[in-house]
Amino acid sequence: MNKTSTGNFFEDFRVGQEIAHATPRTVGAGDQSLYTGLTGSRFALHSSLPFAQSLGYAGAPIDDVLAFHIVFGKSVPDISLNAVANLGYAECRFLAPVYPGDTLSARSTVIGLRENSNRESGIVYVRTVGANQAGVEVLSFARWVMVRKRDRAAPAPAPVVPKLAEAVGTPAAPVGISCAAYDRAAAGGAAGWTDYAVGEKIDHVDGITVEEAEHMTATRLYQNTARIHFNAFAQKSDRFGRRLIYGGHVISLARALSFNGLANAFCVAAINGGRHANPCFAGDTVFAWSEVLDKRELSGRADLGALRLRLVATKDKPCADFPLRAGEGYDPAVLLDLDYWALMPR
Amino acid sequence: MNKTSTGNFFEDFRVGQEIAHATPRTVGAGDQSLYTGLTGSRFALHSSLPFAQSLGYAGAPIDDVLAFHIVFGKSVPDISLNAVANLGYAECRFLAPVYPGDTLSARSTVIGLRENSNRESGIVYVRTVGANQAGVEVLSFARWVMVRKRDRAAPAPAPVVPKLAEAVGTPAAPVGISCAAYDRAAAGGAAGWTDYAVGEKIDHVDGITVEEAEHMTATRLYQNTARIHFNAFAQKSDRFGRRLIYGGHVISLARALSFNGLANAFCVAAINGGRHANPCFAGDTVFAWSEVLDKRELSGRADLGALRLRLVATKDKPCADFPLRAGEGYDPAVLLDLDYWALMPR
Amino acid sequence: MNKTSTGNFFEDFRVGQEIAHATPRTVGAGDQSLYTGLTGSRFALHSSLPFAQSLGYAGAPIDDVLAFHIVFGKSVPDISLNAVANLGYAECRFLAPVYPGDTLSARSTVIGLRENSNRESGIVYVRTVGANQAGVEVLSFARWVMVRKRDRAAPAPAPVVPKLAEAVGTPAAPVGISCAAYDRAAAGGAAGWTDYAVGEKIDHVDGITVEEAEHMTATRLYQNTARIHFNAFAQKSDRFGRRLIYGGHVISLARALSFNGLANAFCVAAINGGRHANPCFAGDTVFAWSEVLDKRELSGRADLGALRLRLVATKDKPCADFPLRAGEGYDPAVLLDLDYWALMPR
Numbered sequence: 005m006n007k008t009s010t011g012n013f014f015e016d017f018r019v020g021q022e023i024a025h026a027t028p029r030t031v032g033a034g035d036q037s038l039y040t041g042l043t044g045s046r047f048a049l050h051s052s053l054p055f056a057q058s059l060g061y062a063g064a065p066i067d068d069v070l071a072f073h074i075v076f077g078k079s080v081p082d083i084s085l086n087a088v089a090n091l092g093y094a095e096c097r098f099l100a101p102v103y104p105g106d107t108l109s110a111r112s113t114v115i116g117l118r119e120n121s122n123r124e125s126g127i128v129y130v131r132t133v134g135a136n137q138a139g140v141e142v143l144s145f146a147r148w149v150m151v152r153k154r155d156r157a158a159p160a161p162a163p164v165v166p167k168l169a170e171a172v173g174t175p176a177a178p179v180g181i182s183c184a185a186y187d188r189a190a191a192g193g194a195a196g197w198t199d200y201a202v203g204e205k206i207d208h209v210d211g212i213t214v215e216e217a218e219h220m221t222a223t224r225l226y227q228n229t230a231r232i233h234f235n236a237f238a239q240k241s242d243r244f245g246r247r248l249i250y251g252g253h254v255i256s257l258a259r260a261l262s263f264n265g266l267a268n269a270f271c272v273a274a275i276n277g278g279r280h281a282n283p284c285f286a287g288d289t290v291f292a293w294s295e296v297l298d299k300r301e302l303s304g305r306a307d308l309g310a311l312r313l314r315l316v317a318t319k320d321k322p323c324a325d326f327p328l329r330a331g332e333g334y335d336p337a338v339l340l341d342l343d344y345w346a347l348m349p350r
Numbered sequence: 005m006n007k008t009s010t011g012n013f014f015e016d017f018r019v020g021q022e023i024a025h026a027t028p029r030t031v032g033a034g035d036q037s038l039y040t041g042l043t044g045s046r047f048a049l050h051s052s053l054p055f056a057q058s059l060g061y062a063g064a065p066i067d068d069v070l071a072f073h074i075v076f077g078k079s080v081p082d083i084s085l086n087a088v089a090n091l092g093y094a095e096c097r098f099l100a101p102v103y104p105g106d107t108l109s110a111r112s113t114v115i116g117l118r119e120n121s122n123r124e125s126g127i128v129y130v131r132t133v134g135a136n137q138a139g140v141e142v143l144s145f146a147r148w149v150m151v152r153k154r155d156r157a158a159p160a161p162a163p164v165v166p167k168l169a170e171a172v173g174t175p176a177a178p179v180g181i182s183c184a185a186y187d188r189a190a191a192g193g194a195a196g197w198t199d200y201a202v203g204e205k206i207d208h209v210d211g212i213t214v215e216e217a218e219h220m221t222a223t224r225l226y227q228n229t230a231r232i233h234f235n236a237f238a239q240k241s242d243r244f245g246r247r248l249i250y251g252g253h254v255i256s257l258a259r260a261l262s263f264n265g266l267a268n269a270f271c272v273a274a275i276n277g278g279r280h281a282n283p284c285f286a287g288d289t290v291f292a293w294s295e296v297l298d299k300r301e302l303s304g305r306a307d308l309g310a311l312r313l314r315l316v317a318t319k320d321k322p323c324a325d326f327p328l329r330a331g332e333g334y335d336p337a338v339l340l341d342l343d344y345w346a347l348m349p350r
Numbered sequence: 005m006n007k008t009s010t011g012n013f014f015e016d017f018r019v020g021q022e023i024a025h026a027t028p029r030t031v032g033a034g035d036q037s038l039y040t041g042l043t044g045s046r047f048a049l050h051s052s053l054p055f056a057q058s059l060g061y062a063g064a065p066i067d068d069v070l071a072f073h074i075v076f077g078k079s080v081p082d083i084s085l086n087a088v089a090n091l092g093y094a095e096c097r098f099l100a101p102v103y104p105g106d107t108l109s110a111r112s113t114v115i116g117l118r119e120n121s122n123r124e125s126g127i128v129y130v131r132t133v134g135a136n137q138a139g140v141e142v143l144s145f146a147r148w149v150m151v152r153k154r155d156r157a158a159p160a161p162a163p164v165v166p167k168l169a170e171a172v173g174t175p176a177a178p179v180g181i182s183c184a185a186y187d188r189a190a191a192g193g194a195a196g197w198t199d200y201a202v203g204e205k206i207d208h209v210d211g212i213t214v215e216e217a218e219h220m221t222a223t224r225l226y227q228n229t230a231r232i233h234f235n236a237f238a239q240k241s242d243r244f245g246r247r248l249i250y251g252g253h254v255i256s257l258a259r260a261l262s263f264n265g266l267a268n269a270f271c272v273a274a275i276n277g278g279r280h281a282n283p284c285f286a287g288d289t290v291f292a293w294s295e296v297l298d299k300r301e302l303s304g305r306a307d308l309g310a311l312r313l314r315l316v317a318t319k320d321k322p323c324a325d326f327p328l329r330a331g332e333g334y335d336p337a338v339l340l341d342l343d344y345w346a347l348m349p350r
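Protein chains in written order, with our numbering: chain V, 5 to 350; chain H, 5 to 350; chain A, 5 to 350.
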């Protein structure tokens with residue numbers, strides 16, 4: 005009996021396969037504290053119990069992105085331990101708030117497989133769902149990763165490439181939540197949904213330098229075991245020669261930086277897609293800017309609306325001129341190009 | 005509408021102006037854990053619930069200095085984002101314990117303004133008050149900072165320089181708190197109030213080296229956004245060439261080090277004044293010593309008394325000979341010269 | 005009155021002496037979060053409240069090794085501040101789970117003393133007990149350390165060397181705990197007690213690089229004050245020239261790494277002995293392997309059994325070939341050789 009996991013390889017997956025991921029995780033007040041300490045998150049909803057209650061939340065939910073990382077982290081040992089690359093996300097929906105005391109567990113379904121022409125690896129598409137102790141789904145997302153084959157000669161499965169929406173539709177209005185009593189002064193920003201225009205770009209101004217101890221502590225907090233983040237000894241013989249920062253940590257930093265300009269984007273309702281354009285390493289200083297891609301009213305809701313936002317993170321490059329492209333590809337300073345829906349009081 | 009804050013400049017302030025700071029913060033058990041992990045705090049009052057209850061506290065309050073940092077941090081985006089220098093503190097009073105579960109918010113009043121003769125900047129004096137969710141003031145302090153002008157030509161306000169007390173008067177005896185059952189063995193020190201003499205100096209012996217990841221995590225935990233602590237890229241072109249450690253982190257380390265010699269100084273009642281004599285950088289090893297400046301009985305209280313203490317922190321210099329002055333100014337190894345009142349069982 | 009502790013020296017100890025250690029410590033949810041973030045612990049018992057309850061625990065207990073570190077840390081200021089070396093542990097028994105909200109305190113008894121022939125130092129043997137707020141003993145262990153003499157000429161006590169068991173006997177079945185409903189898929193491992201064979205060796209595969217900020221934060225979290233871990237300035241003139249990582253942090257990392265291969269070893273019941281074979285420094289990448297030394301049924305229990313395990317940690321050396329010895333001594337890459345009893349569902 006093989007007791008040590010070296011992760012699944014491409015030929016270990018079958019379309020339709022259901023995988024229950026290990027290690028349910030009870031989220032505690034300490035997790036949010038540590039997340040605040042490691043990322044600088046300042047959104048009032050997660051920082052203040054009375055603020056959260058004033059919107060109708062039962063408690064102060066943890067940061068949406070923190071909940072994402074915990075669910076994502078559970079999927080790593082089964083899905084992406086042998087990943088060559090994380091290729092993309094889609095259809096990420098945040099379905100219910102996660103409160104301290106909730107226990108998150110995760111399961112994934114394999115929704116697509118396609119061997120690469122070099123027969124060395126293939127693309128695995130999964131849909132991962134995180135649920136709380138009551139079985140309520142709190143978030144779900146699709147992602148696809150390039151996974152090595154154990155044996156080049158293993159037969160290729162029939163290719164199945166799932167249709168994934170280019171963007172999640174207008175998010176639903178959250179049940180039981182109202183911005184009628186939303187206190188913008190407490191939240192730290194005067195601008196509401198009506199003040200943002202499609203096409204508007206916002207430089208988030210601030211920059212934050214990442215240390216090895218920080219990204220590793222964050223990634224371990226999510227019980228994410230991807231070795232490229234932790235093992236400097238093995239990374240010496242990797243193409244980068246050093247530890248790579250978990251792309252999700254960059255998302256967290258960019259979201260925290262976006263407070264300065266989007267302080268009232270209190271809720272991440274969905275992530276339409278995301279791309280880690282370049283790797284991030286310890287010592288890099290992360291900057292961010294946003295673009296308003298779309299805005300939508302929510303049916304029957306005069307108190308809040310949805311903004312579709314592009315969130316771009318860069319390294320060692322302030323964002324006053326909104327760096328993104330260079331020729332056909334990304335500017336080499338761009339780390340992240342994330343497309344998401346946020347909710348904001350009108 | 006300008007959505008991104010670049011902070012207030014000198015000409016944005018008016019005497020009498022009231023500023024409600026953003027981001028109320030519910031303090032959790034995780035904050036004290038992280039504070040302990042980052043500073044090494046060992047005072048029994050904050051470490052042990054039964055110990056705190058034995059003195060009459062409703063719970064184990066968080067470290068006084070941690071509460072100070074959280075309130076201070078809220079004031080940074082409005083008051084000192086464009087500060088050239090933090091010049092001083094005065095009249096800091098700790099008015100009520102802060103317990104896990106309390107939500108702190110902060111507001112400031114501008115109590116003085118004086119343009120500098122070079123017209124490039126001016127001094128802003130504020131009084132900042134932190135209150136809990138019930139509106140009870142938990143601490144207040146005055147501070148003054150040198151703030152840049154946006155426009156050199158902006159007219160100077162009439163100078164107003166507030167009278168600030170050189171020292172807070174003898175602290176009041178804390179209501180409902182008694183040291184009758186104070187357990188010195190549990191607290192870790194045999195010496196009580198009667199054992200200390202005015203003029204006595206105490207070398208706190210131990211030293212603690214600071215890492216970038218630590219001071220940044222601490223400062224983010226307080227949601228303090230001053231960019232000099234976080235942005236190595238921008239700091240490369242600053243006069244120091246690197247990130248500067250939040251002066252408050254040095255206070256926390258010095259207070260934690262002072263446990264060895266002042267283990268029973270269980271409560272910081274007031275800070276009379278403080279000066280950050282030299283900057284602290286990652287890699288520096290912080291040492292500390294104290295001097296007893298004064299001691300006072302508290303009216304009607306046989307169980308405890310107040311000590312007025314000077315707390316000096318140095319870098320890379322052990323304190324057996326109590327370094328402080330060099331010629332007219334501070335010894336270049338001195339980081340901090342803090343003057344505070346502590347309470348101690350008699 | 006000497007207010008500052010420089011720790012006890014060899015001649016300050018007497019056989020039979022009882023020492024109540026300072027600073028009771030209320031364990032909070034934040035401590036487990038930080039422990040998870042700093043070590044990568046993934047054992048489901050400590051991660052998930054429902055999982056813990058399914059085994060009959062009243063809550064999700066903190067990691068056994070975290071409880072050990074907190075109790076050990078309390079003993080440091082009294083026992084090992086002037087230690088030249090920590091020589092060994094024995095007879096460590098985990099007697100009751102520690103839950104968030106519990107307050108741990110520690111006391112030690114001097115059970116042996118033997119001056120070294122060079123008269124510069126001597127060996128101090130102590131038994132340390134940690135208890136919770138109800139006075140229930142949660143763990144106890146013996147350890148022996150080489151402690152400097154203050155004065156070489158001080159008379160030697162009559163040598164007393166306690167008999168310590170080479171191994172703790174088969175652990176008792178934990179009262180009220182049952183693995184009848186143990187969910188191996190949730191815990192992350194298929195193998196149970198019956199699947200392990202005496203003599204079997206397991207490479208835990210993964211490696212984790214340690215940073216200064218991490219080991220210092222962990223060690224401060226335990227309120228362990230041993231200066232060699234914190235004071236880079238003083239360490240420059242030490243034989244290693246730099247900060248030494250607390251050996252307990254290596255135990256934590258090795259235990260966390262052992263999840264990959266021993267995911268169902270949910271409970272550390274006892275530590276028979278441990279040796280820190282070589283020092284660990286920041287920048288080292290820690291790997292681990294285990295060997296099954298023994299296995300025992302527990303009387304009357306069909307649901308679980310005990311495994312006696314050797315847990316070996318190395319630095320910068322993957323463990324596929326189970327490095328341990330080199331000639332007469334340890335392989336210079338070996339950091340830790342720990343012998344413990346774990347409980348596992350059958």
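A portion of the hints provided could be inaccurate.
[What the hints assert, rightly or not] List time: in silico DSS-like cross-link candidates among lysine-lysine, alpha-carbon distance up to 25 Å:
{"#": "1", "chain 1": "H", "residue 1": "Lys167", "chain 2": "V", "residue 2": "Lys299"}
{"#": "2", "chain 1": "V", "residue 1": "Lys321", "chain 2": "H", "residue 2": "Lys7"}
{"#": "3", "chain 1": "V", "residue 1": "Lys205", "chain 2": "H", "residue 2": "Lys7"}
{"#": "4", "chain 1": "H", "residue 1": "Lys240", "chain 2": "H", "residue 2": "Lys153"}
{"#": "5", "chain 1": "H", "residue 1": "Lys153", "chain 2": "H", "residue 2": "Lys7"}
{"#": "6", "chain 1": "A", "residue 1": "Lys321", "chain 2": "V", "residue 2": "Lys240"}
{"#": "7", "chain 1": "A", "residue 1": "Lys321", "chain 2": "V", "residue 2": "Lys7"}
{"#": "8", "chain 1": "V", "residue 1": "Lys7", "chain 2": "A", "residue 2": "Lys299"}
{"#": "9", "chain 1": "A", "residue 1": "Lys7", "chain 2": "A", "residue 2": "Lys167"}
{"#": "10", "chain 1": "V", "residue 1": "Lys205", "chain 2": "V", "residue 2": "Lys299"}
{"#": "11", "chain 1": "H", "residue 1": "Lys167", "chain 2": "H", "residue 2": "Lys240"}
{"#": "12", "chain 1": "A", "residue 1": "Lys153", "chain 2": "A", "residue 2": "Lys167"}
{"#": "13", "chain 1": "V", "residue 1": "Lys7", "chain 2": "V", "residue 2": "Lys167"}
{"#": "14", "chain 1": "A", "residue 1": "Lys167", "chain 2": "A", "residue 2": "Lys321"}
{"#": "15", "chain 1": "A", "residue 1": "Lys7", "chain 2": "A", "residue 2": "Lys205"}
{"#": "16", "chain 1": "V", "residue 1": "Lys321", "chain 2": "H", "residue 2": "Lys240"}
{"#": "17", "chain 1": "H", "residue 1": "Lys299", "chain 2": "H", "residue 2": "Lys321"}
{"#": "18", "chain 1": "A", "residue 1": "Lys167", "chain 2": "A", "residue 2": "Lys240"}
{"#": "19", "chain 1": "H", "residue 1": "Lys321", "chain 2": "A", "residue 2": "Lys167"}
{"#": "20", "chain 1": "V", "residue 1": "Lys153", "chain 2": "V", "residue 2": "Lys167"}
{"#": "21", "chain 1": "V", "residue 1": "Lys7", "chain 2": "A", "residue 2": "Lys205"}
{"#": "22", "chain 1": "H", "residue 1": "Lys321", "chain 2": "A", "residue 2": "Lys240"}
{"#": "23", "chain 1": "V", "residue 1": "Lys205", "chain 2": "V", "residue 2": "Lys321"}
{"#": "24", "chain 1": "H", "residue 1": "Lys205", "chain 2": "A", "residue 2": "Lys205"}
{"#": "25", "chain 1": "H", "residue 1": "Lys299", "chain 2": "A", "residue 2": "Lys7"}
{"#": "26", "chain 1": "H", "residue 1": "Lys240", "chain 2": "H", "residue 2": "Lys299"}
{"#": "27", "chain 1": "V", "residue 1": "Lys299", "chain 2": "V", "residue 2": "Lys240"}
[Stated by the list, open to error] Negatives, chain H to chain A, calculated, CB over 10 Å:
{"#": "28", "residue": "Phe13"}
{"#": "29", "residue": "Arg46"}
{"#": "30", "residue": "Gly203"}
Source of the hints: derived by calculation from the structure; they are not laboratory data. Cβ coordinates follow ideal geometry from the N, Cα and C atoms, glycine included.
Going through the hints against the structure:
no.	hint	verdict
1	H/Lys167 - V/Lys299	violated (52 Å)
2	V/Lys321 - H/Lys7	holds (21 Å)
3	V/Lys205 - H/Lys7	holds (11 Å)
4	H/Lys240 - H/Lys153	holds (23 Å)
5	H/Lys153 - H/Lys7	holds (20 Å)
6	A/Lys321 - V/Lys240	holds (13 Å)
7	A/Lys321 - V/Lys7	holds (21 Å)
8	V/Lys7 - A/Lys299	holds (17 Å)
9	A/Lys7 - A/Lys167	violated (36 Å)
10	V/Lys205 - V/Lys299	holds (14 Å)
11	H/Lys167 - H/Lys240	violated (38 Å)
12	A/Lys153 - A/Lys167	holds (24 Å)
13	V/Lys7 - V/Lys167	violated (36 Å)
14	A/Lys167 - A/Lys321	violated (35 Å)
15	A/Lys7 - A/Lys205	violated (51 Å)
16	V/Lys321 - H/Lys240	holds (13 Å)
17	H/Lys299 - H/Lys321	violated (28 Å)
18	A/Lys167 - A/Lys240	violated (38 Å)
19	H/Lys321 - A/Lys167	violated (45 Å)
20	V/Lys153 - V/Lys167	holds (24 Å)
21	V/Lys7 - A/Lys205	holds (11 Å)
22	H/Lys321 - A/Lys240	holds (13 Å)
23	V/Lys205 - V/Lys321	holds (16 Å)
24	H/Lys205 - A/Lys205	violated (58 Å)
25	H/Lys299 - A/Lys7	holds (17 Å)
26	H/Lys240 - H/Lys299	violated (46 Å)
27	V/Lys299 - V/Lys240	violated (46 Å)
28	Phe13	holds (35 Å)
29	Arg46	violated (5 Å)
30	Gly203	holds (14 Å)
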